[in-house]
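Protein chains: 4
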Amino acid sequence: MNTIGTQVRLTTFGESHGIAIGGILDGFPSGVVVDEDFVRSEMRRRRPGQSAVTTARNEADEVQFLSGIFEGRTTGTPIGFVIHNTNNRSNDYDNLRDAFRPSHADYTYSAKYGIRDHRGGGRSSARETAVRVCAGALCKLALAQMGITVQAYTSQVGDIRLEGSYADYNLALAEENIVRCPDAEKAAAMERLILDVKRDGDTIGGIVTCVAKGVPAGIGAPLYNKLSSSLAAAMMTINAAKGFDYGDGFASVTGRGSQQNDIFFDDNGTINTRTNHSGGIQGGISNGQDIYFRVAFKPVATILCEQPTVGVDGRDTIISARGRHDPCVVPRAVPVVEAMAALTILDHCLLSRCTRL
Amino acid sequence: MNTIGTQVRLTTFGESHGIAIGGILDGFPSGVVVDEDFVRSEMRRRRPGQSAVTTARNEADEVQFLSGIFEGRTTGTPIGFVIHNTNNRSNDYDNLRDAFRPSHADYTYSAKYGIRDHRGGGRSSARETAVRVCAGALCKLALAQMGITVQAYTSQVGDIRLEGSYADYNLALAEENIVRCPDAEKAAAMERLILDVKRDGDTIGGIVTCVAKGVPAGIGAPLYNKLSSSLAAAMMTINAAKGFDYGDGFASVTGRGSQQNDIFFDDNGTINTRTNHSGGIQGGISNGQDIYFRVAFKPVATILCEQPTVGVDGRDTIISARGRHDPCVVPRAVPVVEAMAALTILDHCLLSRCTRL
Amino acid sequence: MNTIGTQVRLTTFGESHGIAIGGILDGFPSGVVVDEDFVRSEMRRRRPGQSAVTTARNEADEVQFLSGIFEGRTTGTPIGFVIHNTNNRSNDYDNLRDAFRPSHADYTYSAKYGIRDHRGGGRSSARETAVRVCAGALCKLALAQMGITVQAYTSQVGDIRLEGSYADYNLALAEENIVRCPDAEKAAAMERLILDVKRDGDTIGGIVTCVAKGVPAGIGAPLYNKLSSSLAAAMMTINAAKGFDYGDGFASVTGRGSQQNDIFFDDNGTINTRTNHSGGIQGGISNGQDIYFRVAFKPVATILCEQPTVGVDGRDTIISARGRHDPCVVPRAVPVVEAMAALTILDHCLLSRCTRL
Amino acid sequence: MNTIGTQVRLTTFGESHGIAIGGILDGFPSGVVVDEDFVRSEMRRRRPGQSAVTTARNEADEVQFLSGIFEGRTTGTPIGFVIHNTNNRSNDYDNLRDAFRPSHADYTYSAKYGIRDHRGGGRSSARETAVRVCAGALCKLALAQMGITVQAYTSQVGDIRLEGSYADYNLALAEENIVRCPDAEKAAAMERLILDVKRDGDTIGGIVTCVAKGVPAGIGAPLYNKLSSSLAAAMMTINAAKGFDYGDGFASVTGRGSQQNDIFFDDNGTINTRTNHSGGIQGGISNGQDIYFRVAFKPVATILCEQPTVGVDGRDTIISARGRHDPCVVPRAVPVVEAMAALTILDHCLLSRCTRL
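Protein chains in written order, with the numbering used here: chain V, 1 to 357; chain Z, 1001 to 1357; chain Y, 2001 to 2357; chain A, 3001 to 3357.
In case anyone wonders, no lab produced these hints; they're calculated from the structure. As the structure is a computational prediction, the values presented were derived from the model and not from experiment. Glycine residues also receive a C-beta, built at the ideal position from the N, C-alpha and C atoms. Heads up, some of the hints might be wrong.
The following label-pair restraints were derived from C-beta to C-beta distances [claimed, not checked]:
(1) V/D168 / Z/A1189: 27 to 37 angstroms
(2) Z/G1031 / Y/T2270: 53 to 63 angstroms
(3) Z/M1146 / A/E3071: 30 to 40 angstroms
(4) V/G147 / Z/A1167: 48 to 58 angstroms
Calculated Cβ distances over 12 angstroms to all of chain Y for the following chain V residues [unchecked claim]:
(5) I19
(6) D37
(7) G164
(8) D200
(9) A217
(10) G255
(11) T275
Isolated chain V (complex conformation) (with noise of 0.2 angstroms):
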């Protein structure tokens, strides 16, 4: 299924190399005004060739809205969009058609559907993960104007972390270097392993962190629509993304109760917690609370040197790869967590109306 989204829903179509790739972004409010200007500067965040620590296939991904949009502002009718491929070097990819890479989707996706697309990995590429970005571009102003932000940054490359939380950095600094990292010490350090091991021909993994502020109190639902399920499921369809934690999340695992628990308190009349482990999230619905969460990104499967693996015939063969691509993903899926956070949120805020008679 190529949709995401319960009121707010999001299709996207395309393959790495194809004609083009694109989405319809489908019960989007009506009365947006849309920020192009916003929307392309989201675009440039994602888009690879832009630094030293990315790939070097450089993509303009300008986007073309085609619907849903009049004089400016949107009309609540489908967005439909598109972006199309125009860097492509499809014959890079010419001993794809024969053999499967190890840990890629090239052996998966002929075990499911027969026949596929091999050209740069074609529908398994992250290469789709621009539409996102453009479709959490849109959702992004639609939060705006409700106060709410989404930001997210790079929290860990191999073994490089930031130990503090969230709280303990001025996110806007995470924008000021290529690893997009709030802490310039750290990101330092962290594009040199980039770089370190880009020469070796390997990759990297690392842990993005995002941040969610402005959401008001009794956003999400019980019981399988949870704020914090929908916002699991969303991350995990991220290309690489192997696991997503919120508040304290695996921390939490060696706390007690009486240290985690978040007390509420009266604030000058509004409800407020003395601590956030909880991470804005009770019960699946918003507390009013920032609201922050972890994707974890394993070293992309593509890396620079001979490997062993089997051909679509089933027998033993080595596969190289060649074509360009990322030592990190990180950096790069800083915005689409960011894209992905947002989608989910403004589709719980729209459905939250939906509640008390």
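Knowing the structure of chain V, use the given hints to seat chains Z, Y and A on it.
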């Protein structure tokens, strides 16, 4: 939304202290022999009051099937079932009417709905998971006919953890002790820790690891219905779940691609992998290897001591929990994790029949 | 799929001669006062055995609510409810085990599922509509708080038809007679026709007309969730329904655009129309006028005489119906049509809150 | 919601006078050979400007496929496609900016969204049906491989109607004339009527009948996903559709059960029926007989004369249509009805694979 699944859909209802809880399992395939003894044994694995490390609330949790089964076999029509609440002591909860327990869903339900059944947490109580276990038992019966098994176990409580992977243990041993850990020595330590915590009126978290064997290659779907995304979503709907990862998960971020890629080889005519860092899923689709993942559970919020909080009037107050609670939710979460995994995998198995012409 | 609705969703279960039928109404708004007397009165309008023109099967059809209601008001959590089957005479149906009744669903269920509960038609029995009426009663209560009413009546039985439009009658009179027709004279003729047909052991069809008043302009949605499309879908799920039209419907095809266009005019500050050929829906969205539509019901297939057919072995045989059946389904279909309309309109009303930022 | 279908899902976008219209066909099975000539021929059957009885707006309606097809075959990934709008004369519609055309969706879109693209009806224009025909052509190709065909024809225009059933005609003849009626004499009369009406600047309605052959028994599903319900919903999403019935439909209400039951018999080892009043569907599931149904279309609202109406300011005014319009939508609706039927039936055929273990 109280429904989960696409083709096989579970819809549940019921509050902790209402008349009954129950569900409708729809889209379930016809022709499955319903082994009611097996259903009962699964229910016993989750039921409260089963051991010293669980809540003392004693519920028989007898399932009554109302439809969808004829002469011992499923008919393809919806399977309705109820579980009556028999051991209610609702006035244990009178103090919850007027105040919000810290880190519980009391406040967020109020913020969302403007009204709530305060007795025992109402809808947000983990009591609802009995419904999931019943539905999961039926799904396991269907999966068994396809040669697929699902088994979970406790891999961590507090800071006591199994260092090995699931493959290092005889998982059948997990059911031999009350914490459901396949390493007897660690199990004993976990049990001691839980009893210590219980003595303090406190709670502790932990991790459940789950393994599905026998899932053929090609199950799952790009892009927004990835098997990994569906599993994450399903697990994050469980009470107290704070994190999910699969394969090497969060640990993968420190490795390199050259170490983590799973090399394919020709295993006497079958495509196999030398390692399984991927956790049996690549590009959201199964590759025929074992699928394994982890779910992190926080220490549950109900602790047996006084805590500051706010009342429904928004003013500061003090609350002290009464009632009967689990000091550690993990042992009883094991069958719930299995149930949600069985439901998710059966759903994807059926959907995968629609892929090719 | 045994679920209908997008935001407000009804999922039902149950066979004609199983233990119980029931449903889960999910996504229903919180804060609705549940008038149980009203629910009971609606159930009585549909219950069998209510008059000489309906089946003699006598069911009290008592609804037991199991969840989602607290201290008399809905809480926003799923409303589970059951209706026990009390007046089963299953061995009336032993002859259905081995043969397929003509124009019934016996054969198609067998073809689809390979197994069926033959007793009284099992899942395909109109008995399930009791569940719809219960859910519809709750929806009517919610709609009433919004100023919206839904009323249906019998407008045709066999070739006895009301010539006027709904606006020509006092619809309150429909409940004054056992066929539910607001024209007393026609009602008497319809009753005579049904009793004649019954005497022959035969059955007859008819038409139900339904009117919703008070639906504001702007409810519904393009393109594949049109209010007209949702109503058609909902009505065509009712047993024995064969056709649907709205506004001038099938009759509109012989007119000309210049005759049928509904001219807008400024009605003291409100936009109103001179006529209502459109039936209150234009482009799939309500225009503030009365919504009205018709549903055609065939003569039910169960007739009390011998009919040739085939057995489950595929060989020719003879079947003769026993059991207790309706000679004309239309009088009891009236509340079912209302229920499905109420569910559909409430669903669209809530969804329409998500349209604008 | 701009998506239709459960397993095979079509999502569309685009306004009448925007840059392009298009769609994403998702869940389409892999391995279908895409005959682009066939797609083009289907598009020509719907395109405007094809004959004297259709609008003069002349659009080539060339489809560009952007994804999901590789080396001439579908890959199972979403099929994105666009159709550029080339023959826009948007200033024909300037007068629609400030006033609402009677019986059009201008007013209801404004009431719902608070903003609308007034040019040519924007999203509510029948131009969007080109997208459906393209998707429907692909579905027909898949169905053809399963031995299933779908064919529609004009059975009534104004009061000129075919008296016989579909089985009385050679349906191949329907494409021999510009009104798409298989009876040449009636076709000529219909054509004359449409031209008369056109001369008056007026419009006229009609009925399309559609037949699907080769659908095996067991396709469809109880209760809220009946094949009949899905067909009704799909048809009622088409512009100007006012009614739907299947089998004997509305006409069945005057007959008796004893006349209308379709007697099963053993047809040399196949279960067959003597008659087909049911229209090939019993209990919402196909019985292996031909499926047939009718769709009523009103006279389209755009007439070439002055009409009173209200302006966007709510005040009385006069509007006169300009632009190029169909005097009767029925001839061009024929391929649209087929497309929606093909989409619906293919969807159900795939879903039916999930029924049994």
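How the hints compare with the structure:
Separation of V/D168 from Z/A1189 is about 34 angstroms and conforms to the stated range, judged on CB atoms against 27 to 37 angstroms. The hinted range of 53 to 63 angstroms is satisfied by Z/G1031 and Y/T2270, whose Cβ atoms lie roughly 59 angstroms apart. Range check, Z/M1146 to A/E3071: about 33 angstroms between beta-carbon atoms, so the 30 to 40 angstroms window is met. Range check, V/G147 to Z/A1167: about 49 angstroms between beta-carbon atoms, so the 48 to 58 angstroms window is met.
No Cβ of chain Y approaches the Cβ of V/I19 within 12 angstroms, the least distance being about 26 angstroms, so the stated non-interface status holds. Every C-beta of chain Y lies more than 12 angstroms from that of V/D37, the closest at about 20 angstroms, which supports listing it as non-interface. Distance check on V/G164: its Cβ is at least 35 angstroms (rounded) from any Cβ of chain Y, clearing the 12 angstroms threshold; non-interface status holds. With a cut of 12 angstroms on Cβ distances, V/D200 stays outside the contact zone with chain Y, its closest approach being about 49 angstroms.
Here V/A217 stays apart from chain Y, with its beta-carbon at least about 15 angstroms from theirs, past the 12 angstroms limit. Distance check on V/G255: its Cβ is at least 30 angstroms (rounded) from any Cβ of chain Y, clearing the 12 angstroms threshold; non-interface status holds. No Cβ of chain Y approaches the Cβ of V/T275 within 12 angstroms, the least distance being about 28 angstroms, so the stated non-interface status holds.
In the structure shown, no violation is registered for any of the earlier numbered hints.
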